[in-house]
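Dock chains V and P against chain F, hints included.
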Amino acid sequence: MFAIDSDRRRRGLALASLGGGLALVLAVATNPANANTELVIVTHTENQAMQAQQTYKEVNSPGLRNVIEQLVTVDLESGELMPMLATEWEQVDDLTWAFTLREGVEFHDGSPFNAESAAFAVNWVWSADNSFHIRETMGPQISAEAVDDYVIHVTTETPDPMIPWRMYLGGISSMQQIQESPGEVDETPIGTGPYRFIEWRRGQDWSAEVNPDWWGHDADDAYGEVTFDQLRFVFRTESSVRAAMVETGEADFAMFVTPEQCADADAHDGTKCIVAPSDTYLFLRPDVTGAHPAFEDLRVRQAIFHAIDRQAIIDHIMGAGEYLGGQMLPSDAGGHNPDVGDYEYDPERAAALLEEARADGVPVDEANVLVAARVASVPRIGEIIEVVGGMLSEAGLPNRVELQEQGQIIEWFLDRPGPTRANILVHPGGNPLWDYSLTLRALYHCETIVSMYCDEDFDARLENASELGGEEREAAFRDLVAEIHDEYVILPMARIEWAYALRDDLDWRFQFDQRLVAVQMSDQ
Amino acid sequence: MTALDPAAGHETYGRVFMRYFRALLRDPPALIAMAVLAILLLCALFADVVAPYDPVKQQLVMRNRPPLTPSMTEGGFVHLLGTDELGRDLLSRLIHGGRVSIAVGLVGASVAALIGVTLGLLAGYYRGRVDDIVMRTVDAMAALPTLLIALFFLFVIGGGFWNLVIVLAVVRWRIFARLTRGMALSLREQAFIQATRAIGASDRRIIFRHLLPNMLSPILVLFTLEVAVLILAEAALSFLGFGIQPPDSSWGLMIARGREYLRSAWWLVTIPGLAIFCTTLSLNLVAAWVRAVTDPVQRWRWLT
Amino acid sequence: MTRFLVRRFGQAILVLFAVLTFVFVAGRMIGDPAILLLGPEASAADILRVRQQMGLEDPLIEQFLRFIWGAIRGDFGVTFRYGFAVPDVANPGATGTPVLPLVLERLPATYMLAASAMVLACSVALVLGCLAAMYPRSLLDRTINVVSLAGVSTVDFWLGFMLILLLGVTLGWFPTSGSGSLSHLVLPALTLAVRPIGRLTQLVRSAMLDELAKPYIDALRSKGLSETRIVYGHALKNASIPVATMIGDELLQIIQGAIVIEVVFAWPGVGSLLVTALSSRDLPLIEAAIFVLALTAITINLIVDLVYTRLDPRVSFTGNPR
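Residue numbers (this note's numbering), protein chains in the order written: chain F, 23 to 546; chain V, 23 to 326; chain P, 18 to 339.
No wet-lab data here; the hints were simulated from the structure. Watch out, some of these pointers could steer you wrong.
What the simulated footprint calls covered on chain P by chain F, stretch by stretch (three residues with Cβ under 8 Å from a Cβ of chain F suffice, anywhere in the stretch; the number is not a length) [as the list claims (entries may be wrong)]:
#, segment
1, 68–80
2, 183–191
3, 284–295
Here are the simulated distance ranges between beta carbons [claimed, not checked]:
#, chain 1, residue 1, chain 2, residue 2, range
4, F, GLY347, V, LEU63, 50 to 56 Å
5, V, LEU296, P, SER243, 40 to 46 Å
6, P, GLN80, F, ALA285, 22 to 28 Å
7, F, ALA334, V, LEU296, 27 to 33 Å
8, V, PRO269, P, VAL42, 29 to 35 Å
9, P, ILE89, F, ASP291, 54 to 60 Å
10, F, SER203, V, LEU296, 20 to 26 Å
11, F, PRO385, V, ASP76, 27 to 33 Å
12, V, ARG158, F, ALA334, 57 to 63 Å
To give an idea of the chain V side of the interface with chain P (calculated C-beta under 8 Å), a few residues [stated by the list, open to error]:
#, residue
13, PHE177
14, ALA258
15, VAL291
16, GLY295
17, ALA310
18, VAL312
19, ARG313
Beta carbons: idealized from backbone N, C-alpha and C, even for Gly.
Next comes chain F alone, as it looks inside the complex (with noise of 0.2 Å):
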């Protein structure tokens, strides 16, 4: 189809070694079905909604894609765009694509899946009514119309080749339900999947059985096989608490378990953990374009850059992620540039950097920086900010750190920086796509909400870049990133990569974005 897709296949790769133990995990054959078996995920966080467009960030709202299905997925293995709802699909025009629909599939109310339904499904969730946060990874506005029984064309405004990708975000949920009972859809999700949702119980968990009528039971491009009978879901914030329920046997997987406690994990008989990469990325923002005359100048920038040791905060207090040198997706990425260099660590210079600008009049200790980053963010993001104030701190620029809530970092976000402010926010991004397009936009562009820069003359070009299909797209981002290197806007702190404790006899084949999806799991 596209270019890209040799990329995709060295992400792939890249994904699975990066996965240690997982090929060992990979090769194992499934067990048939065994009777009667419940499955327990002990997750971080309580859903926040059961919406088909929850389904495009599993951190939210994990284990939805038991019952929430896409229209295609992502094969780890090969790192292309595999069938899951379409078996087909395929551009028609610089702004249409087709994509070719199951037969036979019913969603778990009965309702039939086909053209209109998942044209339905599709405008649903990525509504410009609905104000969905999924939109954050949309590009050009995406609308679908049915034009046969089972084929429906996906269409956008400007030239989007990435729209295969974006499918395997936004979930098909049943259009009955959203035409007949509204008021239910946050919190029954109704699907095609191989689990159907039997209840949410608030504060507690969330479980499903599974679906006998489920299309993957009988089919040869299925992306999993069954073999628990129910799910369930059950939430608890405390990490170490989540790692105790492991090891007493209380569930059969802990998401998101600290350094430590994957350390006990492996240590204790019984248990293991599993330390597997994310889509999401952790990253350092001055305030740049118009604000404090200290953030202005270059040199006081680079300083900050150069000040921090990066790879010790991912050893020593993440215990677990990539480091990323001087640009924000790894080298598997689409558009990810050999020639940029690093950001590497050398408070000498930053000291040195810091002096210079002081002795030509910047007024560095007059600026009373802020290192601030959202309560929760990632774990240890307390920590984090802490490291980070403190190696600034060492190179001679005085700062002050806090962690703040919701609400006052999204007045931040709204807000643009002004003569007086001279903030640094240590942010995690997520990029599910795995392409530049979405990441240069989120970070550098004038009109987003992250972005503190502002050069109308990069969006122009970026907005060009992004209509772009293979080798011309890369090329054109791998300029594009180049340019904004040397402008030290964003540092990349780190690729976070989670850690799963789990029962020692429980086979998990891991997929992107750390997708909780239990026809992946198996018993040994």
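Showing chains V and P alone in chain F's frame:
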């Protein structure tokens, strides 16, 4: 000390002190508690001198080391209680964090006592409308989950030392008001107050010269208890994330931050928890002792 | 009696009104609810539209009256935390989840936890308090005194972690967290009961000492009754009146303590819901949770006062009940 024992007016201060001191010697738990409190106070006051390390100095390679780990630098002081998640000396953090916890307790209880005793005295002495308003408010607050209200208020205005102190004082003044009012009500009817009034003493003189001194020991007991209550409240609020905010630290926050290392670095949670426990237990023991030795019914047991 | 009742009810309603006013005023200080609802990605036009629909553009007094009227009908609006309910801009909240049912469905868990802790605390405190009072100044008395003070001084959530580690993980006697069976209840109830045990033991002891010093006890002794009969048969009955008056306060303390303990043990009660709501700044949910907890507290107080007036005939119906 005369305030503790108005009947001892004819003795010298030294002799009164010795009598109490002997009484203290006969009550080992109270004696130990008193010593613990003295040490804690000294540590809090001279934290910079006592703490062997800079409490904010990070050493990432030395993180989560167990108690008694030798220092990384030549000739450095041993890390008596180990190091924390950023490689900072735990004993030094404990000393500096304790300063904040104890200060929240002392300052919070002082502000609460100031408000409560003033209003309680006014209510009990003047009665009438003042009494009505004060006691209605006290009753209303007693019927409410005030810690919950404090939690919400801190959520709105944000945590931090002074916000915490103010909110806790606002929530707890009623305890002092009720006690003071009760005592003022009964004292003002007593013969010696009536007599003082009859010879034309001003209200101010009566309140400050006669009412207040006679109330001091119960107020002192309550104050001691309240310091303990507020230290515990601070711990709970900081644990939930609405009290002291990093990079400041307190014992409650240390527990909150250390809890994800519960299995791998037990000292991070256990030690600050024990520190709070020892402090509040000492305060409670001392309060119980003061109450016993100043209680007219029980006093003879202790002071003879 | 009727006058007292009416007055007491009037007071309770006044207090509730004060709480609502406080919650309303403070709630307006935490940021624009429209932004909180829509998230930072929303456009200015969307935010304005939602502000209008939520009535945030109306005069403050109108908003306040609407809020109070909503509270009376049990309508605190829809949650921000659960779901992102603005699909139909013409009819916001059409698919939203009302908050009050969310709070009410958590209430039994909190009540169960509080009641278990209360029963546990009362039984332990009665035994310890009586023992201490029977042998005043003995080693037993002094030990119980220190133990009960230790209970009062305990950092309860810290104790919770220690119990999870020891009894849950290391020994495996009880589940580490959650709810569902009786064994799930043990650790949180125990943790929550420790401080009340301390306070109530002290209370029982001093009430019993007062009672045992009364002349009728000597009369009973001279009649040759056994000490156990005297203590448990006579003194305890009379000593329970002053203790009973403190039950309301104690229950209030337990319900407040439950907020933290529920978080530690992932107990699905109102407390853990409130903390979740606070951290996601879900204002309607916070308001409803505080309202329900305050209502609970006020009701407990009211009941205790009424029971007290029945128990103790010396309390006048017109005066202040305490």
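Here is what the structure says about each hint:
1. 68–80: Answer violated; 0 residues pass the 8 Å Cβ test.
2. 183–191: holds (count 3)
3. 284–295: Answer holds; 5 residues pass the 8 Å Cβ test.
4. F:GLY347 x V:LEU63: 50 to 56 Å: Because 52 Å falls inside the window, the suggested range holds.
5. V:LEU296 x P:SER243: 40 to 46 Å: holds, 43 Å
6. P:GLN80 x F:ALA285: 22 to 28 Å: This hint is violated: roughly 53 Å between Cβ atoms.
7. F:ALA334 x V:LEU296: 27 to 33 Å: Holds: the Cβ-Cβ distance is about 31 Å, inside 27 to 33 Å.
8. V:PRO269 x P:VAL42: 29 to 35 Å: For VAL42 (chain P) against PRO269 (chain V), whose Cβ atoms are near 31 Å apart, the range 29 to 35 Å holds.
9. P:ILE89 x F:ASP291: 54 to 60 Å: With a Cβ separation near 58 Å, ILE89 (chain P) and ASP291 (chain F) satisfy 54 to 60 Å, so the hint holds.
10. F:SER203 x V:LEU296: 20 to 26 Å: At roughly 55 Å between Cβ atoms, LEU296 (chain V) and SER203 (chain F) fall outside 20 to 26 Å, so the hint is violated.
11. F:PRO385 x V:ASP76: 27 to 33 Å: Roughly 28 Å apart at Cβ, these two residues keep to the hinted range, so it holds.
12. V:ARG158 x F:ALA334: 57 to 63 Å: holds, 59 Å
13. PHE177: Holds, because the Cβ-Cβ distance from PHE177 (chain V) to chain P comes to roughly 5 Å (cut-off 8 Å).
14. ALA258: holds, 5 Å
15. VAL291: holds, 6 Å
16. GLY295: Holds - the Cβ of GLY295 (chain V) comes within 8 Å of chain P, reaching about 4 Å at its closest.
17. ALA310: This interface hint holds because 7 Å falls under the 8 Å limit.
18. VAL312: violated, 13 Å
19. ARG313: violated, 10 Å
The structure does not agree with the numbered hints 1, 6, 10, 18, 19 stated previously, though it agrees with the rest.
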